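Novice: Chains D and U are the protein sequences, given in the same order.
Mapping to my numbering: the first sequence position 224 is 224, numbers consecutive.
Mapping to my numbering: the second sequence position 66 is 66, numbers consecutive.
There's no promise every hint is true.
Examples of chain U residues toward chain D, derived with CB under 8 angstroms [claimed, not checked]:
| no. | residue |
| --- | --- |
| 1 | Arg13 |
| 2 | Val19 |
| 3 | Asn99 |
| 4 | Phe101 |
Computed list of lysine to any residue pairs in SDA-like fashion (alpha-carbon distance at most 20 angstroms, straight line) [what the hints assert, rightly or not]:
| no. | chain 1 | residue 1 | chain 2 | residue 2 |
| --- | --- | --- | --- | --- |
| 5 | U | Lys258 | U | Phe173 |
| 6 | D | Lys16 | U | Ile259 |
| 7 | U | Lys262 | D | Cys12 |
| 8 | D | Lys7 | D | Phe74 |
| 9 | D | Lys178 | D | Asp220 |
| 10 | D | Lys129 | U | Phe22 |
| 11 | U | Lys262 | D | Val70 |
Simulated from the structure, these hints should not be mistaken for laboratory data.
Treat the numbers as computed from the prediction; the structure is a model and nothing was measured.
A virtual CB, placed ideally from N, CA and C, is assigned to each residue, including glycine.
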Amino acid sequence: MNPPAIKVHQLCKRYKQVLAVDHISFEVPTGETYALLGGNGAGKTTTLSMLLGLLLPTAGNIHVLGIDMVKDRFQALPRMNFTSPYVDLPHRLTVRQNLDVYARLYGIPRRNERIEHLAEHFDLTSLLKRHYGTLSAGQRTRVSLAKSLLNEPEVLLMDEPTASLDPSTADQVRSYLKEYQQRTGATVLLASHNMQEVERLCSEVLMMKQGKIVDRGSPDLLVKKYGRETLEEVFIDIARDTGL
Amino acid sequence: MRKGLHIADSWNRVMAILVRYFYLMMSSWPRFIELAYWPTVQMVLWGLINRYLSVQTNGMAQAMGLLIAAALLWDVLFRAQLGVTLVFFEEMYSRNLGNLFVSPLRPYEYALALLTVSFLRTAFGVGVASGLAILFYQYSIFDMGLPLLAFFTNLLVMGWAIGLLVVALVLRFGLGMEGLAWAIIFAFAPLSGIYYPVSVLPEWIRPISLALPSSHVFEGMRAIVNDHVFLTDHFFAAVWLNLAYLAIGLVVYLYTFKIARKRGLLLQMGE
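Given only the sequences and the hints, what does the whole structure look like? Please build it.
Specialist: Below you can see the structure in the form of structure tokens.
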């Protein structure tokens, strides 16, 4: 097994009386795609935010690419990226301008070349001159995905990466992500409610509930362990406490 | 070499935010017009008042331009503060803070970008109004010469310090604090002696007034316009006070980022 690109130990986040993440520990080996699965409020987004250094943990350690994200996150951030439907991009800027600004922030050489390459892969070429605010939800998701790959991140964190995409586009995006990961050896951690996506992309699933990791394993293993047909049924079992 | 590279990377990130703001301005003519609109309205208004008073009162004729100069310099302070806060609000309105702060952009680089945009906005807005003052009233604030640069810089820095404090408050308490961005500066207006000397104020308020860099700037401005004298004591008082104000503004701004990371505010910010 490869050395871990992401290493989390006894991670905890408390907001006053609410324990959003409850002493979780996990590792994601370099070059693997793992999923955080769980219902609303399970602690997935909170965990991703702490991994990105956007949120300080109450306790525990986070290392990404061997770097302590609490103390030295700026050493790791140029080698990481993130996409989420819960953050947005400036509406008055065109798609190209938005990507250009982020390419500058990440210090990307040959910015235009990179933007055009990603625009082609995410079917954004005809949208490059459009204001971001005029795009549909699905088109915005694609722009956000392109933004997240601008710096060819070694670690990619994704919150609902294909939310708002039609099945065909979602399928294309998943294919690109898989190809990207195989080509670059990137490590991906995604939070998703889309079981089909998780089954296709992820080698390991971390099931979260009420801030804890309640189970883990490969999609196939979890399906077998719970005696179910699909991962979705496993998800429902865990969410409703009807499994095992 | 390594340090040089860090500085170059850092500067590129500051430039990225400046480019982002440039794109915004190019795509929005109302935002562009707004830059010069208010300073021009203020200048025209005070120019007309000045013209009326100079006809009514003999003494006012000597102070030709005093009110216009005061109005223009006051706007430097106002524009400088708004320049910092409005640019920050643009990121909040577009829910872009989460993306910005998972990039390698440091909070201090973002602050530097905000201050640079503020300088450019202020120089443009007040510059246009100053040009129009020459056209409308044959009054040139540039006749003050180098002292004008000292006044401009001091008011700019004070505006930055207040702007950073407002950004910190909005970051901490959300867009409910937005109104403060517009209103806070007016709390300083009566104390700053913009249109009257500090000696006009009640005695017990004067120490408070003299603790503001702006009061020293406006005292200095009156000395230049009325007596053609540059008061170095007021200049240095403004400089020292501004250094303290800016240091406080930066410390509070950076500390609030830490609080925002503790409370998860950077992902929640939005309309």
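Novice: All hints are to be evaluated individually against the structure, with a verdict given for each.
Specialist: The hints, checked one at a time:
no.: 1; hint: Arg13; result: 6 angstroms, holds
no.: 2; hint: Val19; result: 6 angstroms, holds
no.: 3; hint: Asn99; result: 5 angstroms, holds
no.: 4; hint: Phe101; result: 6 angstroms, holds
no.: 5; hint: U:Lys258 x U:Phe173; result: 14 angstroms, holds
no.: 6; hint: D:Lys16 x U:Ile259; result: 14 angstroms, holds
no.: 7; hint: U:Lys262 x D:Cys12; result: 12 angstroms, holds
no.: 8; hint: D:Lys7 x D:Phe74; result: 17 angstroms, holds
no.: 9; hint: D:Lys178 x D:Asp220; result: 18 angstroms, holds
no.: 10; hint: D:Lys129 x U:Phe22; result: 16 angstroms, holds
no.: 11; hint: U:Lys262 x D:Val70; result: 11 angstroms, holds
When held up to the earlier numbered hints, the structure conflicts with none and fits them all.
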